[in-house]
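Undergrad: The residues making up each chain are set out below.
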Amino acid sequence: MGDCFATLAMTSHFPIISATFLTPSLYYNIDMVVHGEQALLMRVQKGDLDAYGTIIQEYQTSVFNVCLRILGNQQEAEDLAQEAFLRAYRNISHYDPRRHFGPWMRVLAANLCYNHLKKARLEGTPLEEERHRLPDSSQQDPEALLELAQEHQGLYRKIWQLPENQRVALELRHFQGLSYQEMAAALKLPLNTVRSHLYRARRKLAELLEEENHD
Amino acid sequence: MTEKSAHLTEDQLQAYFDGALDPGAARNVQAHLASCPTCQEAFSRLESLAFQLENLPEFDLTRELAEPVISRLRVERSLSPGITWTLIIEALAAGTALGLLIPAIRSAGWLSGLLPSQQALQATLNIYLTQLASSWLVWWAGLRLQISHLSQGLLAEASQLPVPISPWILIAAAGGLGILINYLLLGRQTVSGRNLKRR
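Chains Z and S, in that order, are what the protein sequence lines are. Take the first sequence: its position 194, counting from 1, is numbered 193 in numbering that gives the first Met the number 0, and each next residue is one higher. Take the second sequence: its position 133, counting from 1, is numbered 132 in numbering that gives the first Met the number 0, and each next residue is one higher.
Pulled out of the complex, with its shape left as it was, chain Z reads as follows:
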């Protein structure tokens, strides 16, 4: 449906439709289709904020999910995802537009969440039991979410029981597909340390899942 409108709006015969009836998010998608990600990112690097809006629309869900997996709290994950996009723009000069933006952005978000958790732990603020809750079901399709939550809530909760360094190691390896070297570079930690975090995370997660099966 969205694609139909997008195609319609791209043709020069329907300027009124494109100007009047399309929602802002559809505008963003049209921009992405017409201009391509690389061209948009080059515009962003020249300071085009509208182009950056298109990029955010494209990646906001995946970036939010990175934050949610690491933080375990919907509100906090949305706030940190927003902060990640702000930081990405401020550091956009360091981004090479020939590379895919998504992985760069998600790793940046993962790093931001990791540092956020570390800082919170050092300041003694996290209340782990209260932090870890799935997104508010009232905002989404209730039936679908109920099914989703029942099936996967256990695994999510177990991930959130891990220490932050193990959680972020899992995120970078399993969800972002980074190698040990790339993980070490992203977290600015020695390779052996990130490898150890990853191995421990898997071991702990396997133990937790096994405990659940025995129960």
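Please note that a few of the clues may not be correct.
When the alpha-carbon atoms are kept at most 16 Å apart in a straight line, the in silico EDC-like pairs for lysine to aspartate or glutamate are as follows [unchecked claim]:
1. Lys117/Z / Glu163/Z
2. Lys118/Z / Glu57/Z
3. Lys157/Z / Glu206/Z
4. Lys157/Z / Glu53/S
5. Lys117/Z / Glu75/Z
6. Lys203/Z / Asp21/S
7. Lys203/Z / Glu163/Z
8. Lys203/Z / Asp10/S
9. Lys157/Z / Glu209/Z
Read the hints as simulated data drawn from the structure, not as lab findings.
Model the placement of chain S on the given structure of chain Z, informed by the hints.
TA: Showing chain S alone in chain Z's frame:
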């Protein structure tokens, strides 16, 4: 994975799973897995865990992120906090320097020995500095700070300060400084002019 330890270690299995072993070690692990049901089972558990993780469903956002991010970036662009504070400090420093310059010149007795008329010099300098200060303040406030965005940016900045400072206080302070400088300099000029006439 020696004769003594019959099975692969967990670290070996994980490194093999991640493709992080060198080719020789990877071949050894592969060969062992082919003949050891226990290690095969451990490896399957690892694969299953990875499968479960990588197939976790994604959740939807409850709010759009593009609008707030872009709005904030627009405010930041119109009023970069670093530049703002730099400019405010520059303005105050310039005001203080101008305020001190005239009395300094007046009190410098040696100037009269070098120049034909200290008062004539002062009068010219006063006019020049007055105009310089006025135009600089106008340029600073009007062109670079974009007053319409100043309040938003400074309010955002001020909210992070331990003591909140209204942007209007800062604008009023800068304006007041300008008026004070003008008063001092123009007042001196009038006195100087009067003194010249008297002579």
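Undergrad: It remains to establish, for every hint, whether it holds in the given structure.
TA: Structure-based check of each hint:
{"no.": "1", "hint": "Lys117/Z / Glu163/Z", "result": "7 Å, holds"}
{"no.": "2", "hint": "Lys118/Z / Glu57/Z", "result": "29 Å, violated"}
{"no.": "3", "hint": "Lys157/Z / Glu206/Z", "result": "10 Å, holds"}
{"no.": "4", "hint": "Lys157/Z / Glu53/S", "result": "14 Å, holds"}
{"no.": "5", "hint": "Lys117/Z / Glu75/Z", "result": "14 Å, holds"}
{"no.": "6", "hint": "Lys203/Z / Asp21/S", "result": "26 Å, violated"}
{"no.": "7", "hint": "Lys203/Z / Glu163/Z", "result": "13 Å, holds"}
{"no.": "8", "hint": "Lys203/Z / Asp10/S", "result": "13 Å, holds"}
{"no.": "9", "hint": "Lys157/Z / Glu209/Z", "result": "11 Å, holds"}
Violation of the numbered hints given earlier is confined to hints 2, 6; the remaining hints are satisfied by the structure.
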